[in-house]
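Visitor: Sequence:
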Amino acid sequence: MRTFRNIIFWIHLIAGIATGLVIAIMSFTGVVIAFEKQLIEWAERDVRTVQPPSPDAPRLPVEALVERVRAVRTDGQPSGVTVYPEPTSSVLVSVGRGSVTYVNPFTGEVLGNGATGLRGFLQWNVELHRWLAAGGDNRAVGKAITGASNAVFLFLAISGLYLWWPRKWTLRAMRPSLWFRRGLKGKARDWNWHNVIGFWSLPVLIVLTASGMVISYKWASDLVYTAMGHEAPARQGPPGSASVKVPAPDVETPRKPMDALIAEAQKTSPTWSSATVRLGGGARPGGAPAQGGRGPEAKGERGGKGGADGVDAVTVSLREADAWPPFSSKQVSLNPFSGEVAKQETYADYNSGRKLRTWLRFLHTGEALGLLGQLVAAIASLGGVFLVYTGFALSWRRFFSRRRTNTEPREEAAAQVEPVA
Numbered sequence: 001m002r003t004f005r006n007i008i009f010w011i012h013l014i015a016g017i018a019t020g021l022v023i024a025i026m027s028f029t030g031v032v033i034a035f036e037k038q039l040i041e042w043a044e045r046d047v048r049t050v051q052p053p054s055p056d057a058p059r060l061p062v063e064a065l066v067e068r069v070r071a072v073r074t075d076g077q078p079s080g081v082t083v084y085p086e087p088t089s090s091v092l093v094s095v096g097r098g099s100v101t102y103v104n105p106f107t108g109e110v111l112g113n114g115a116t117g118l119r120g121f122l123q124w125n126v127e128l129h130r131w132l133a134a135g136g137d138n139r140a141v142g143k144a145i146t147g148a149s150n151a152v153f154l155f156l157a158i159s160g161l162y163l164w165w166p167r168k169w170t171l172r173a174m175r176p177s178l179w180f181r182r183g184l185k186g187k188a189r190d191w192n193w194h195n196v197i198g199f200w201s202l203p204v205l206i207v208l209t210a211s212g213m214v215i216s217y218k219w220a221s222d223l224v225y226t227a228m229g230h231e232a233p234a235r236q237g238p239p240g241s242a243s244v245k246v247p248a249p250d251v252e253t254p255r256k257p258m259d260a261l262i263a264e265a266q267k268t269s270p271t272w273s274s275a276t277v278r279l280g281g282g283a284r285p286g287g288a289p290a291q292g293g294r295g296p297e298a299k300g301e302r303g304g305k306g307g308a309d310g311v312d313a314v315t316v317s318l319r320e321a322d323a324w325p326p327f328s329s330k331q332v333s334l335n336p337f338s339g340e341v342a343k344q345e346t347y348a349d350y351n352s353g354r355k356l357r358t359w360l361r362f363l364h365t366g367e368a369l370g371l372l373g374q375l376v377a378a379i380a381s382l383g384g385v386f387l388v389y390t391g392f393a394l395s396w397r398r399f400f401s402r403r404r405t406n407t408e409p410r411e412e413a414a415a416q417v418e419p420v421a
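Here the sequence shown is numbered in full-length UniProt numbering, starting from 1 and rising by one per residue.
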């Protein structure tokens, strides 16, 4: 038994040294990712608010607002529009990937591109977290490194629990792992910190790393569906990414205005808090598909392409104020020519495999449990940074320390509990 424990200890130590730097990077960037939404909302609070000219002032058509943005944003094409129910809220137009422009819905004034510096930093932070900010052909290599390091982090958490497991469950044996002890120095201090931080962050770190495995590896994602008794989808994407077809109309049939389609979608959810439409064309500079048009050959917001199977519906993604789980949204697909609702899909319509897979995605950032969940995930991620630091410090002293003070053996004896992670 002792031999097996020694084997686990040395694997734990060597694996931690080999991947510690990458784990520290992912943990630190994870702290920022946990509060990404709140950081953006705070930084862009001014441009998110407008003053209506009068209580009954009419709003400009969504198409007109998109055209205003297209006229000033030559660096990319509008890829989505988000409107809010409050009359004092501006309209958000997404441009390309990760960039936005705010527009006054009453005057059409372009209010600005939001906190571009912060958004750029947050995008870089995500790329650093996911593939070490590698570019081009190196991105796959960076992604492989972070995926493997995350898997090792999961092993370190589980093996650390095994190494920590007390031989006797007594308060004396548990005390060094429950809280920080004063007066310790050197190795004894690092040992105590490693145990305490690992003990309290272990459950959350296991959830974060296990959910990270599902995000990093398709086989792990497929395993979630299989475990719940469902076949894994051939491809995965954001809600509403799958095309919904509707019958093709006559060639001369005009498209419904985008405002009318959004209004029809909003009728299905009285408590909607935002409505987002993804526009055709994405981030292709140098020309966008027409916003209007007639018949099955017209192209526009997620719809209009003609074909043997009909035309693509326009999908409106609704966030609801009282939704559970809080990360869920409602997808309403509409016929772009008649305005009729072709399909509605909510979280309740997902099979158990997709429900669990979605939960794991948002548990990874803590968003699944709201602000409290984000705070817990951030604290545990910060704990991961300190676990790497104390682990490196303990390893350094084990391999390179030339001498030990007379007090260190006594301090170490008082903290003889193996690390948790």
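Read the hints as simulated data drawn from the structure, not as lab findings. No residue lacks a Cβ here, since even glycine has one placed at the ideal position from N, Cα and C. Take the hints with a grain of salt, since some may be wrong.
What the hints assert, rightly or not - Lysine-lysine pairs mimicking DSSO-like chemistry, simulated, CA-CA at most 30 Å apart: (1) K355 / K218; (2) K218 / K256; (3) K267 / K245; (4) K256 / K343; (5) K37 / K267; (6) K343 / K143.
Said to hold, decoys possible - Pairwise CB distance ranges, derived in the manner of DEER restraints: (7) S243 / A321: 24 to 30 Å; (8) W165 / E231: 34 to 40 Å; (9) A43 / R2: 29 to 35 Å.
Visitor: Run every hint past the structure and note whether it holds.
Guide: Hints, verified against the model:
{"no.": "1", "hint": "K355 / K218", "result": "16 Å, holds"}
{"no.": "2", "hint": "K218 / K256", "result": "39 Å, violated"}
{"no.": "3", "hint": "K267 / K245", "result": "21 Å, holds"}
{"no.": "4", "hint": "K256 / K343", "result": "17 Å, holds"}
{"no.": "5", "hint": "K37 / K267", "result": "27 Å, holds"}
{"no.": "6", "hint": "K343 / K143", "result": "36 Å, violated"}
{"no.": "7", "hint": "S243 / A321: 24 to 30 Å", "result": "29 Å, holds"}
{"no.": "8", "hint": "W165 / E231: 34 to 40 Å", "result": "39 Å, holds"}
{"no.": "9", "hint": "A43 / R2: 29 to 35 Å", "result": "55 Å, violated"}
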